[in-house]
Amino acid sequence: MPRLNFPAPELPAGADDLRREVRAFFNEALRDVPVAERALSWDACNPEFSRRMGAAGLIGMGFPHEYGGGGRSQLERFVVLEECLAVGAPTGFHWFADRQSGPLILRYGSEALKQAIIPRICRGELCFCIGMSEPDSGSDLASLRTRARRTDAGWIVNGTKVWTTNAHRAHYMIALFRTGEGGRRHEGLSQFLVDLRNTPGIRIAPIRDLAGREHFNEVHFEGALLPEDALIGAENNGWAQVMEELALERAGPERYLSCQTLFNELLRVLGDRGASAAAAAAVGAAVAQLGALRAMSLSVAAMLQAGESPNLEAAMVKDMGTRFEQSIPALAQELVDLPADPSSDALPYQQALHLMTLLAPSFSLRGGSGEILRGIIARGLGLR
Amino acid sequence: MNADLLLLDTVERLFSEQLTPEYLAEAERSGGADFLSLAQEIGLDAVLVAQEEGGYGGSWSDAFVVAEACGRYAAPGSLPEVMVSRGILGSRGTGDVPVGHVPVGHSSAEQPSLPLPAGALLRSAQMAGAAQALLERSVQYCGEREQFGRPLGRFQAVQQQLAELAGYVACMQAASQRAFAEVQRRGMPAGEEDPAWLAVAIAKCRCSELAHPVTLIAHGMHGAIGFTEEFGLQHFSRPLWRWRADYGRCSDWAQAIGRHAIARGPEATWDALTR
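Going down the list, the protein sequences come from chains A and B.
Everything in the first sequence is counted per this note's numbering, starting at 1 for the first residue and increasing by one.
Everything in the second sequence is counted per this note's numbering, starting at 1001 for the first residue and increasing by one.
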């Protein structure tokens, strides 16, 4: 069994200045953004806000200079991400592109593709979605059936993706399709770049969530023709590529800071109304969880920077982190006797409580359920 | 903040050779005071003492390595306390002793007493180490013990429990290492206003809280054999039950952290977490 080790990295020189700049930027940029949007944070799409962040150099911070990126380290990027989340910057429009699609294209895309796409991601112009789940393939992703068939004209795709966040807004989808025949089911999968706005034969139908929001979709591929070079990386190597991508997706600060605007408003309300010793202890225990999760996540960011593959550690951050962020609405309701209220004249606390109570169940679903993550951890412990 | 690999190697060698099940069983009766002398012979008590004063000249991250290993190997005696007090006081045992001005908790009666934040910091590392030992032993046991015709570790319900246990241990390790790094960077806190105070408070709060689920799962996975004196799981669980109340319980630290967070408000709280 591997010994668990989570060294505490020192932030690079200049991280303090970077943090100050980012805070100053958000202080100004968030002035007119309502609490309902800030509460959603990386779930809220605001193309204009993403462009402003891009212009300020806050997207693609880890991408190379030659493609318009910031050329910064994982730890510096971590600083920017956590500051975004702490103030509830609406970053949903560019979040997936910045976090995983950009890195994927940089790693596996052709030179022409990198030059065409990466600078636009950095400018905050592009929205990406991730086409993985299907109607019959959720946690069991490797059972997916949507097929891309190679022809002389290109790839012809038939099938359906579902729960695809932002598909109705996105320019591109990074999709996982079946390309091989027979064999083990993890083999025979490949990743593709799908131009959602310029490809006939794609139908996108939004699905309303329990809060009445439309952010995820069904995406139907009905004989959609993709060009030959839509394939990303090696044919039939999709599973390995997706697993790498998921390590980037699982350990970041968005896995424990999804309720941060609500938590901030909770602190404000308790400050105004006073808190009992028991309430202070409950808040303090939550701050301690937050601090410990941050220590774990920062440690994983340093491992990624060092070129390691901390899949086990990343799964731990997501499993524990999402359980923490899911606990915040219930904690808030226990500590403050004010009802959740979506109306814009209610207290920011009440508006945030309304939204996050309804959204919290999704936190542990997106990016792999708790049971799947604990299965990955068990494998890392040598049990599977 | 990376610890010295040579130190790590030295510690692992001495501890694994010396701290055998037989030695630990004997130390239960004798108190195991000779282990401190052994460790002192190779200078482990002076990890934090400056080289020009005859010490090892190590950092607080080096001290974490020693303290964590003491918990993980169930080292008897007061090596961790001696190491930390020498680190605070210097080789001559003089100087300013930072004393926490919030008197919460107390140390176990048989151990020399440390100032509150230093004691809490130390316990967090020992607890992370003991929890790691419980995890390792549980994974090993579930890999070997067969029921219903297969090893326990093949059952999904058992895998989920062990994965949860591993997550808690990871959390204790990360929080404690962070606190040692903060103390190295910003100095041992004397009280709540000092910069490294929050990291120490978080480490002890989390380690104290997680001692319960960690010991519960580890004992649950072992069944009755883990409950015996002879099997030795108790060398790691019993200290956790004692240490979680040493130098501040979870609720003591949580209340102090929460009072500050509420009084200062969200922006200052976030700033304190990220400074």
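No lab work stands behind these hints: they were computed from the structure.
Please note: incorrect hints may appear among the correct ones.
Chain A residues, not near chain B, derived (Cβ > 12 Å throughout) [to be verified]:
no.	residue
1	10
2	83
3	229
4	275
5	378
Example chain A residues on the side facing chain B (calculated, C-beta under 10 Å, incomplete) [stated by the list, open to error]:
no.	residue
6	82
7	285
8	292
9	293
10	365
11	367
Owing to the predicted nature of the structure, the values given are computational and were not obtained by experimental measurement.
A virtual CB, placed ideally from N, CA and C, is assigned to each residue, including glycine.
The hints, checked one at a time:
no.: 1; hint: 10; in the structure: 6 Å, violated
no.: 2; hint: 83; in the structure: 8 Å, violated
no.: 3; hint: 229; in the structure: 41 Å, holds
no.: 4; hint: 275; in the structure: 5 Å, violated
no.: 5; hint: 378; in the structure: 4 Å, violated
no.: 6; hint: 82; in the structure: 7 Å, holds
no.: 7; hint: 285; in the structure: 4 Å, holds
no.: 8; hint: 292; in the structure: 4 Å, holds
no.: 9; hint: 293; in the structure: 7 Å, holds
no.: 10; hint: 365; in the structure: 17 Å, violated
no.: 11; hint: 367; in the structure: 16 Å, violated
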